[in-house]
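Engineer: Below are the chains, spelled out letter by letter.
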Amino acid sequence: MTVAAARRLENGAVCFVGIGLPSAAANLARLTHAPDVVLIYESGTIGARPEVLPLSIGDGELAETATAVVPLPEVFAYWLQGGRIDVGFLGAAQIDPFGNLNTTVVGDYRRPRTRLPGAGGAPEIAAHAKQTFVVLKQSPRTFVPELDFRTTVGFLDGGGSRSRTGMPGGGPRVVITDLGILTPADGTERLRLVARYGNVAVEEARAATGWPLETADPVEVVAPPTDEELRVLRDLHERTRRAHARPAPPPAYEGP
Amino acid sequence: MPGPGLKEAIAAHVRDGQTLALEGFTHLIPFAAAHEILRQGRRELHLVRMTPDLVYDQMIGAGCARALTFSWGGNPGVGSLHRLRDAVENGWPRPLAITEHSHAGMAAAYTAGASNLPFGVLRGYAGTDLVRVNDQVRSVTCPYTGETLATVPALRPDVTILHAQRADRRGNVLLSGIVGAQKEAAFAARALLVTVEEVVDDLDAPMNAVVLPRQVVTAVACVPGGAWPSYAQGHYPRDNAFYRGWDRVSRDRDSFDRWMGKHVLGTSDHAGFLRSVRAEAIPAGA
Chain A
2 MTVAAARRLE NGAVCFVGIG LPSAAANLAR LTHAPDVVLI YESGTIGARP EVLPLSIGDG
62 ELAETATAVV PLPEVFAYWL QGGRIDVGFL GAAQIDPFGN LNTTVVGDYR RPRTRLPGAG
122 GAPEIAAHAK QTFVVLKQSP RTFVPELDFR TTVGFLDGGG SRSRTGMPGG GPRVVITDLG
182 ILTPADGTER LRLVARYGNV AVEEARAATG WPLETADPVE VVAPPTDEEL RVLRDLHERT
242 RRAHARPAPP PAYEGP
Chain B
19 MPGPGLKEAI AAHVRDGQTL ALEGFTHLIP FAAAHEILRQ GRRELHLVRM TPDLVYDQMI
79 GAGCARALTF SWGGNPGVGS LHRLRDAVEN GWPRPLAITE HSHAGMAAAY TAGASNLPFG
139 VLRGYAGTDL VRVNDQVRSV TCPYTGETLA TVPALRPDVT ILHAQRADRR GNVLLSGIVG
199 AQKEAAFAAR ALLVTVEEVV DDLDAPMNAV VLPRQVVTAV ACVPGGAWPS YAQGHYPRDN
259 AFYRGWDRVS RDRDSFDRWM GKHVLGTSDH AGFLRSVRAE AIPAGA
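If you read the protein sequences in the order shown, they are chains A and B.
Everything in the first sequence is counted per the working numbering, starting at 2 for the first residue and increasing by one.
Everything in the second sequence is counted per the working numbering, starting at 19 for the first residue and increasing by one.
Read the hints as simulated data drawn from the structure, not as lab findings.
Fair warning: there could be bad hints in the mix.
Some chain B residues flagged as far from chain A (calculated, every beta-carbon gap over 12 Å) [unchecked claim]: (1) G35; (2) Q58; (3) R208; (4) A250; (5) R266; (6) V267.
If you want the ones that stay clear, here's a sample from chain A, every Cβ over 10 Å from chain B, calculated [stated by the list, open to error]: (7) N12; (8) L32; (9) R85; (10) P124; (11) P141; (12) R163; (13) G211; (14) P219; (15) E229; (16) R232; (17) L237; (18) R240; (19) P250; (20) P251.
A short, non-exhaustive set of chain B residues, derived as facing chain A with CB atoms under 8 Å [what the hints assert, rightly or not]: (21) R112; (22) T129; (23) G142.
Ideal placement from N, C-alpha and C gives every residue a C-beta, glycine not left out.
Please work from the sequences and hints to get the whole structure.
Structural biologist: Below, the structure written as structure tokens:
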């Protein structure tokens, strides 16, 4: 999944990165086929090149390796709203057939069953990026016919409804999951399966989708990861695991 | 220098019922100040922060907040903020009124507050359910182009509290590294309290550095380590292991209460807190 997502990122793209799977994919791309990709995190780090994956959106290594560290209002106004982001890379808890996303609540907003973290940068990333990629695991719990809460707009109700609102960005052009890849169909803008991994049957993807899943004809098979991609990814995760487990005990204060 | 300065600053400037912004976007989070607010028993607070982080998870779990304004409430890279969720899902330890935005919205709101404008304007929120649950998000028609833009009311905290690398003896403050919306939150507030790693004779700030001049600063207190377990660029790293360990400590109400009682309420200042956490045989992050 991470490799498939990484491959979508073109070299030289300016990419606004969400934490988690998007960050792993974006950094894998930078370490393999896209060394000139410019990674931007909402903490204001422009062109970050971390050795390990950041645990948080504002880890110190992002600042240390960045070309520039700018205030957060600047990153959202001049870079994102200013239309300078080629790709917005997002995760989500729920996605619907039109690529709208939920990261806010499961259940009713006033009395939620599960309170999720919330919007963060996602709504404006999805509104302004020239295109967004969404990466998440596929199951009937995540791929739902109707979101409990629409945090982030994809194609709204489809059929051009997003573009009629005048929203500037291009919307979710690719959704990468652990089963395959989906893209919006021309006209309806409904997500449909266009590719699967070699060990995944189309039926499996259908069963993991909470709505009747449309498929391309034919559904392509995603080329397996190369040895090099796997090596780089495993090294990255191993370095990251060690770094995140390393305690940084409170600085010692010796007294007045 | 550390300790007493912070005690006095909180005692003098932070009152029950106020709107407080303890800002720092992952970096320079003012944990020392937050803990001192808890030690002094402040209540009924309206807490404002883009990302509540562990600092507000602790304050909310301790019961001192009546309301929260925020834009993303998770434990970064780890999962949920359990005390925040308990307050929202179960009203524990007390009901919490939430006002929810996006990061871009809060950035615009702080900027408006800093600029003495009544609202911030942005291209955002359209088509999201945030508009349905937050009636503070409205819209305006551009008087020049006729297009519709989203508006958010200016954020104007009673007190903004920050942590920074250093201040000079006259009260000018230097921040470096990830600065988030700290400068905007500072200028938007009626009073600004800053804890710093060190106080120096000469600030020695690069020309375009983020400096909060003394005219904006109400009080400075020297509190080394004042951002731990968050970090101060150039001083100490973020304790990612602690953040991961917080998931376990805070998941259970009793475990949370015990940890807070022992390390925060049971110590008299930030130096004591740091010693107390270091002294635990297995650090919370292990």
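Engineer: If a hint holds in the structure, say so; if it doesn't, say that too.
Structural biologist: Against the structure, the hints come out as follows:
| no. | hint | verdict |
| --- | --- | --- |
| 1 | G35 | holds, 24 Å |
| 2 | Q58 | holds, 21 Å |
| 3 | R208 | holds, 20 Å |
| 4 | A250 | violated, 9 Å |
| 5 | R266 | holds, 14 Å |
| 6 | V267 | holds, 14 Å |
| 7 | N12 | holds, 27 Å |
| 8 | L32 | holds, 19 Å |
| 9 | R85 | holds, 14 Å |
| 10 | P124 | violated, 5 Å |
| 11 | P141 | holds, 22 Å |
| 12 | R163 | violated, 8 Å |
| 13 | G211 | holds, 19 Å |
| 14 | P219 | holds, 34 Å |
| 15 | E229 | holds, 26 Å |
| 16 | R232 | holds, 24 Å |
| 17 | L237 | holds, 15 Å |
| 18 | R240 | holds, 13 Å |
| 19 | P250 | violated, 6 Å |
| 20 | P251 | violated, 4 Å |
| 21 | R112 | violated, 16 Å |
| 22 | T129 | holds, 5 Å |
| 23 | G142 | holds, 5 Å |
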